[in-house]
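> Listed here are the chains, written in short residue letters.
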Amino acid sequence: MQILSTLAFVFITITSMVNLILREWRINAVALALQYLAAFILVTLSWPVGMAVIKLIVGWMASAAIALTSLRQSQKDPTTDSVASLLFRGLVGLLVIMIIFILAPRLQESIFPNLDLVIVQGGLMLMGMSLMQLGTRADPYLNIISLLSLLTGFEIIHAALERSTLLTGMLAVVNLGLALAGVYFISQSSAAEGSEEKAP
Amino acid sequence: MTLSTPILWVALPLIIAAVTLIFPNRMLFGIILTSASALGLALLAAFFPEDPTFLLGSLVITVEESLAILGRSITLTYSILPFISFIYAITGLWTLISGIPGTPKLFRPISLAITALLTAALGVEPFLYAAVLIHIAVLASIPLLSPEGKKPRPGILRYLILQTLALPLILLAGWLLSGVEALPSDSPLVVQSAIILGLGFGLWLGIFPFHSWLPMVSQHAHPVVFSHLMFLIPSTIFVFSLNFFDRYTFLRTLQNLEATLSLFGALMIFLGGIWTATQNNLKRAFGYTILTETGFTLLALSLFSQGGLNWMLLLFPGRALGFWLWGYTISLIEKHNGSLEIEAVQGFAWRYPILSSGLLLAQLTIAGLPLLALFPIKLPILTAAFRNGTTLGIWVFIGNLGLFLFTFRLLAAFIKPNNALKPETFSISEKTHEYLPILIMILVLVILGLFPNLIEKLTGTLTTFPQLQ
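Residue numbers (the numbering used here), protein chains in the order written: chain A, 1 to 200; chain B, 201 to 669.
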């Protein structure tokens, strides 16, 4: 289990870095889905598999909803980022990783003494990276992915603090609601772009 | 037969909202169903007996206060019913005017569903779960606030992001607070928990410096929708926040809490007022006015040891009616005039005097003009602010003055002769069904200004929080 949870943490770090650096909707959607798988493994450290699997299913449903909407709406080629901006975001990501590695043991010691370090690190990593993603992008699709990641990070930590079926259900509704908001935004963007193109 | 209050005020409106949602194009059906349900539920809550057992022929109906769901419960006690009655009444008022062109079709069902969710948030046990219910309500508001067929604006994204950031903070603060209860009050964890909680509420309520989305969303959302949601959600959040003060003694006695709350309140009133006074777009100005109003609620909350909680609750009815009138008139002005820039409404009062007066009176009500609904409540708050510190009082006074200044700018623009539009005498171009609600609402605002004790029943909500009385 120790190896599995460490692997999950590594996965979380890689996928959140990918989502921070790259802006190609297919890659982002796959990274988000993989992120949910890694989060599921970390949640099983605190919850029974039967309950933790809810987070995985909901996460995959949310990823599928926004990815499928993007697939339907996407007509244009993805915009290519300059090397400088990729490098900048990569460096920012590395900075976040460094901060989390410094901060997590202290936070675990002072606030979450009963939690595994890997849970604190995994949750904080997702939250930190998502905050950074939110700060560097204005696209609705990417913003929703960041918000979903942020909530996943929080849920990893919160699952270890409280186990409640009602709360799990309500958080599932929040995740799906966020995904639906994303679907709405993506459809609106495409509809607006479509009408702009039609206009003379 | 046993019913429960959550079935009546949470499940039933959600079912009605779902039914209305199935027929989004049947406007009249939607308006009648949602308004009648909301106003009916408001009346039921207002006159609900303390010992609810009803006889229907041979059938005995008992209404319990609690409903168990997945191991937890929603409890709507008799003492919270005045506030529930109030939020359903204002939802009913807003759905009545949802037939104005441009109002999103989904407004009627979603506003009823949001009211039901917020009602559930007021009664869910453990009370912290309310944070999730409030966030679901926020998510439901997204399709209403982002105009259909238009690209999502940065404001709505910012709104969603900041509201979502608040959720983990509130849940985490709740968990921390339950842990620090046993610690001595000088423990650093107490202050850390209070800061996390404050950040969460700051994000939720759009408190400075997390307010930037307010004017951005206000400018592009439909005024009826925006005025309703920006009244309903923050007001419920303020009432929900009382749970924290009620349950955690150390939070009530936290050093500098009153000073911090009043500082942020005064700052928001000051900045909101100044920004409102300098706006050229009427909808953006309203976004900043909301900032001022949140500031007043914060200020009232900070005066809890001097009866500020009563003022906080009494601010709600006058504000709701002011917002309603603003939403109604501005929607019609937009319909008739197109642009809502202050230069574009020059001479508008010559053609539409009642609409113009309605908007001016809405602004003046919110600003707290004597004889109107908010004056009897804002005056003691302002007096208490001056009593607590002259500087604080001056900040609040200047901020509030900003609201008056904007109204006078608007008045000047409305009556400035506009040669392009010609008429040199006043003519009433509004139709009866357009101006009648305005006249009725103005009358209600004046009555509430003259007889503020008519809304005193709302303060009964405070009995839900025994430690705060």
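By construction, these hints were calculated from the structure, which means they are not laboratory data. Each hint should be verified, as a subset may be incorrect.
The following label-pair restraints were derived from C-beta to C-beta distances [claimed, not checked]:
1. Leu228/B <-> Leu22/A: 46 to 52 Å
2. Ala138/A <-> Met227/B: 55 to 61 Å
3. Ile232/B <-> Val53/A: 57 to 63 Å
4. Glu24/A <-> Glu348/B: 38 to 44 Å
5. Asp81/A <-> Pro666/B: 32 to 38 Å
6. Leu22/A <-> Gln506/B: 40 to 46 Å
7. Thr202/B <-> Val53/A: 33 to 39 Å
8. Leu161/A <-> Ala246/B: 37 to 43 Å
Each residue gets a CB set at the ideal place from its N, CA and C atoms; glycine is no exception.
> The structure should be examined with respect to each hint, and the outcome stated for every one.
Here is what the structure says about each hint:
Here the CB-CB span from leucine 228/B to leucine 22/A is close to 50 Å, well matched to the stated 46 to 52 Å. Between alanine 138/A and methionine 227/B the beta carbons are some 35 Å apart, a value that contradicts the proposed interval 55 to 61 Å. Between isoleucine 232/B and valine 53/A, the C-beta spacing of about 44 Å breaks the proposed range 57 to 63 Å. Restraint check, glutamate 24/A to glutamate 348/B: a C-beta distance of roughly 29 Å breaks the suggested window 38 to 44 Å.
About 58 Å separates the C-beta atoms of aspartate 81/A and proline 666/B, a value inconsistent with the hinted range of 32 to 38 Å. Between leucine 22/A and glutamine 506/B the beta carbon distance is about 56 Å. The supplied range of 40 to 46 Å is therefore violated. Against the hinted window of 33 to 39 Å, the Cβ-Cβ separation of threonine 202/B and valine 53/A comes to about 35 Å, which satisfies the hint. Remark: the range hint 37 to 43 Å for leucine 161/A to alanine 246/B is upheld by a beta-carbon distance near 40 Å.
Of the numbered hints given earlier, the model fails hints 2, 3, 4, 5, 6; all others are met.
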